[in-house]
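Protein chains in written order, with my numbering: chain E, 4 to 554; chain L, 101 to 291; chain P, 619 to 716.
Hints in this document: simulated from the structure, not taken from any laboratory.
For every residue, glycine included, the Cβ atom is placed at its ideal position computed from N, Cα and C.
Check the hints yourself; a few may be wrong.
Partial pick of chain E residues on the chain P-facing surface, computed with a CB cut under 7 Å [what the hints assert, rightly or not]:
no., residue
1, Arg-28
2, Gly-32
3, Ala-54
4, Asp-103
5, Gly-348
6, Ile-350
7, Asp-422
8, Tyr-423
9, Ile-432
10, Arg-437
11, Gly-482
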Amino acid sequence: MYRYDEFDQTFVNERVAQFREQVARRLSGELSEDEFRPLRLMNGLYLQLHAYMLRVAIPYGVLSSRQLRQLAMIARRYDRGYGHFTTRQNIQFNWPKLADVPDILADLAEVEMHTIQTSGNSIRNVTADALAGVARDEIADPRIYAEIIRQWSTLHPEFSFLPRKFKIAVTGAAHDRAVIRAHDIGLRLHRNDEGEVGFEVLVGGGQGRTPILAETIRGFLPEQHLLSYLEAILRVYNQLGRRDNLFKARVKILVREVGAGAFAEMVEAEWQEIRVGALALPDDEVRRIADYFAPPTYRALDDGGSALAAALAAEPAFARWHKSNVTAHKRPGYAIATISLKPHGGIPGDATAAEMETVAELADRYSFGEIRVTHKQNLVLADVAQDDLHALWRALDEAGLATANAGLVSDIIACPGLDYCNLANARSIPVAQRIAERFRDPAREQAIGGVTVNISGCINACGHHHVANIGILGVDKKGKEYYQVTLGGAADENAAIGSIIGPAFDEEQIVGAVETVLDVYLAERRPDERFIDTYRRVGPRPFKEKLYAAA
Amino acid sequence: MPLLNKDGRIVEDRWIAVSEAEALGRPGDLIVPQALWQAERPRLTARAARLGLRLTNEQSPAVLADDLGRFALIALEFPKFTDGRAYSQARLLRERYRFQGELRAVGQVLSDQLAFMLRCGFDAFEVTDERALQGWRRAVEAFSAWYQPAGDAATPIPAQRLQRRPLRTRRAASPPATAPAPDSCAGHWAY
Amino acid sequence: MQVQAVTANRLEDGFVVYLTPAGHWSERLADCALTDEAAAPALLARAVAEVTTARVVGPYLITVEVENGEIRPLGQRERLRTRGPSVRLDLGYQAQES
Chain E
4 MYRYDEFDQT
14 FVNERVAQFR
24 EQVARRLSGE
34 LSEDEFRPLR
44 LMNGLYLQLH
54 AYMLRVAIPY
64 GVLSSRQLRQ
74 LAMIARRYDR
84 GYGHFTTRQN
94 IQFNWPKLAD
104 VPDILADLAE
114 VEMHTIQTSG
124 NSIRNVTADA
134 LAGVARDEIA
144 DPRIYAEIIR
154 QWSTLHPEFS
164 FLPRKFKIAV
174 TGAAHDRAVI
184 RAHDIGLRLH
194 RNDEGEVGFE
204 VLVGGGQGRT
214 PILAETIRGF
224 LPEQHLLSYL
234 EAILRVYNQL
244 GRRDNLFKAR
254 VKILVREVGA
264 GAFAEMVEAE
274 WQEIRVGALA
284 LPDDEVRRIA
294 DYFAPPTYRA
304 LDDGGSALAA
314 ALAAEPAFAR
324 WHKSNVTAHK
334 RPGYAIATIS
344 LKPHGGIPGD
354 ATAAEMETVA
364 ELADRYSFGE
374 IRVTHKQNLV
384 LADVAQDDLH
394 ALWRALDEAG
404 LATANAGLVS
414 DIIACPGLDY
424 CNLANARSIP
434 VAQRIAERFR
444 DPAREQAIGG
454 VTVNISGCIN
464 ACGHHHVANI
474 GILGVDKKGK
484 EYYQVTLGGA
494 ADENAAIGSI
504 IGPAFDEEQI
514 VGAVETVLDV
524 YLAERRPDER
534 FIDTYRRVGP
544 RPFKEKLYAA
554 A
Chain L
101 MPLLNKDGRI
111 VEDRWIAVSE
121 AEALGRPGDL
131 IVPQALWQAE
141 RPRLTARAAR
151 LGLRLTNEQS
161 PAVLADDLGR
171 FALIALEFPK
181 FTDGRAYSQA
191 RLLRERYRFQ
201 GELRAVGQVL
211 SDQLAFMLRC
221 GFDAFEVTDE
231 RALQGWRRAV
241 EAFSAWYQPA
251 GDAATPIPAQ
261 RLQRRPLRTR
271 RAASPPATAP
281 APDSCAGHWA
291 Y
Chain P
619 MQVQAVTANR
629 LEDGFVVYLT
639 PAGHWSERLA
649 DCALTDEAAA
659 PALLARAVAE
669 VTTARVVGPY
679 LITVEVENGE
689 IRPLGQRERL
699 RTRGPSVRLD
709 LGYQAQES
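Just chain E, same shape as in the assembly (with noise of 0.2 Å):
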């Protein structure tokens, strides 16, 4: 993974002793809350419904395990024990202390971690495939790109107050597992017909009020473009975006007023006025960064070994837990592992400080000390043994991090919701247990198979229920909450915004409700068609038909 210079390791210590002193003069009253809001959002500190809530970014998911080790110690020390990790592959802390948030910060820096743009209307966290570097059908490895990225976006002085928040994502399979047609910019590495990587370029995706998936601006980029090409798209957004309405100023409302084929025109007209200087990428560079993410020592080993066979066999638990979150790597002897934070019952995507303890010492152990955080709100081990998967597997039971639901129904995504957000009109999280407590049955799990459902408690949308096969909507009707549902909706290469099925559903109606779904889609399916095959085929009108039947 990256390692910091001392070029990066300096910038980020003197970011620290900046903030440091904004909140110093916020405390001493001489800075106003006005003035503070933006220093504070750049730093990732939002004011929440309880307390202040810290965004720590994880670029593109990547952790060591020490960083993981010092993010539990900031859960213990400064917090209540616990992180959550969100959508966009960071975490975020609940209840730290104004005061604390400089040593914090501190405590991140430390191990190369930041909080810098966060949040705030500035270019975010680029995430990219959780499966980098290791996925069987990966054409280049995005986390080199994301990396650049990461680095150019960096406090940019002509960028750092656009007209709202900016998020790109790179994916570089013939999979997407980065959701980019949901992204500002949303970046496909490929290869062109003379074997040059390069990218796809999509520009104007994004969910909330108006869900829109991003247009294909650009279909090759040569590599060695990739700064000008973005510095001319956030050029023109920043000069064009929207001012004057919150709720229209993302790209993606340009976008659409200008349409695609305009705004590619002004973006290329840009470009070719920057494409030649001082943000070409030397292929060295490329290179160099390429480095950091090199392989790491595997050992030779052969696929299907007879220690891993004999396990299966013996175990069921384990060979459910194999089934659903192990995933085929592209080295033979290897495999990924996804550790669930969706235990049946709990809440989505958080973690102790204890658990991410024991997932640093199991990365140490059994995946070279890495840690991946999936825009899922799991966690990966990318590069275990098979031969160690039945060890991992029985570590991570006694810890408790064994669910066996890995794109089953109960791995759901839920934002924080009422319980904890601002924004939020609804809860989700109690929706979110409620949910996979109904389908704790394995048998019955395993037998729906893969389906994607994601709850979002405001039309924000943080839980991305747009691109869910099965979408929720918290919403407050006349000061109660109501869950409305919407179908069809996939954050894959084949992405689709859902439809909203009918009428919303209260607290006590909306499980029954998603049962009712997977229970039309069971009746339904052909021999091996998922969910939104089965969806794809037959349409809403049987589940609308089941779902609001006369009573």
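Fit chains L and P to the known structure of chain E by using the hints.
Quick look at chains L and P alone, frame taken from chain E:
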């Protein structure tokens, strides 16, 4: 309103902002809005004193490209400090259109934005707040190096890295598709 | 009956607080100053004017119900603000009870 120069010192402001044709008769260096410049071009160019132009942040610098030599000063607006359009205008004026005169930030200019403004090429600041005067040093000295090229002369971190590497381990950078124009953006930066 | 009160978050830790009749800020809704619709804007304006000395952030008005001397907030959001997250009863003000 105090005027800071690029070294953080308060300087006397000799410029007078006018908004109407009637005022053009007065002596001295005048700053006029774009509409007035366009309406009163002959009269303004005939004056011996220096001429300044004030752009709103919705006006594109491109329309001025041919006239830039006439202005000793261009003022760019930050109606609210959260409105960052003038950062782009400034960079375009400096780096694309090679404006050499005074680039002045007006509007809601707070000390915590000064570092960004300097980097984008501003060299004078109408500060709305006395505290910005104290904040100057702190604001501009907060960071010893920056990651990306901009309108200032600073060498960005990637270029500094290159300079530090021993010659023998530096491989030749692959040449760009066409030779770089000699006047492209703050040119010392190279990955 | 429905009346109004003023709430905010404490600067130090972001905790929820309520404006009291004496002009202080309490963690307990039960201590809040009650006001009718006509006088509410003035009460809020005073709170806003004093945020710096009071060390609070973002005061705003909420509607509450008073029944048998007990003050209850209206709406799920304000109910949660008096207590803490409904999914972690060991956190927030609710954990201090009993």
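Here is what the structure says about each hint:
1. Arg-28: E:Arg-28 check fails; min Cβ-Cβ to chain P is 12 Å, beyond 7 Å.
2. Gly-32: 5 Å, holds
3. Ala-54: 4 Å, holds
4. Asp-103: This hint is violated: E:Asp-103 lies away from chain P, its Cβ roughly 9 Å from the closest one there, beyond 7 Å.
5. Gly-348: 10 Å, violated
6. Ile-350: 6 Å, holds
7. Asp-422: Where the cut-off is 7 Å and the nearest Cβ of chain P is about 4 Å from E:Asp-422, the hint holds.
8. Tyr-423: OK, holds: E:Tyr-423 within 7 Å of chain P, min 6 Å.
9. Ile-432: 5 Å, holds
10. Arg-437: With a minimum Cβ separation of about 11 Å from chain P (threshold 7 Å), the hint on E:Arg-437 is violated.
11. Gly-482: 5 Å, holds
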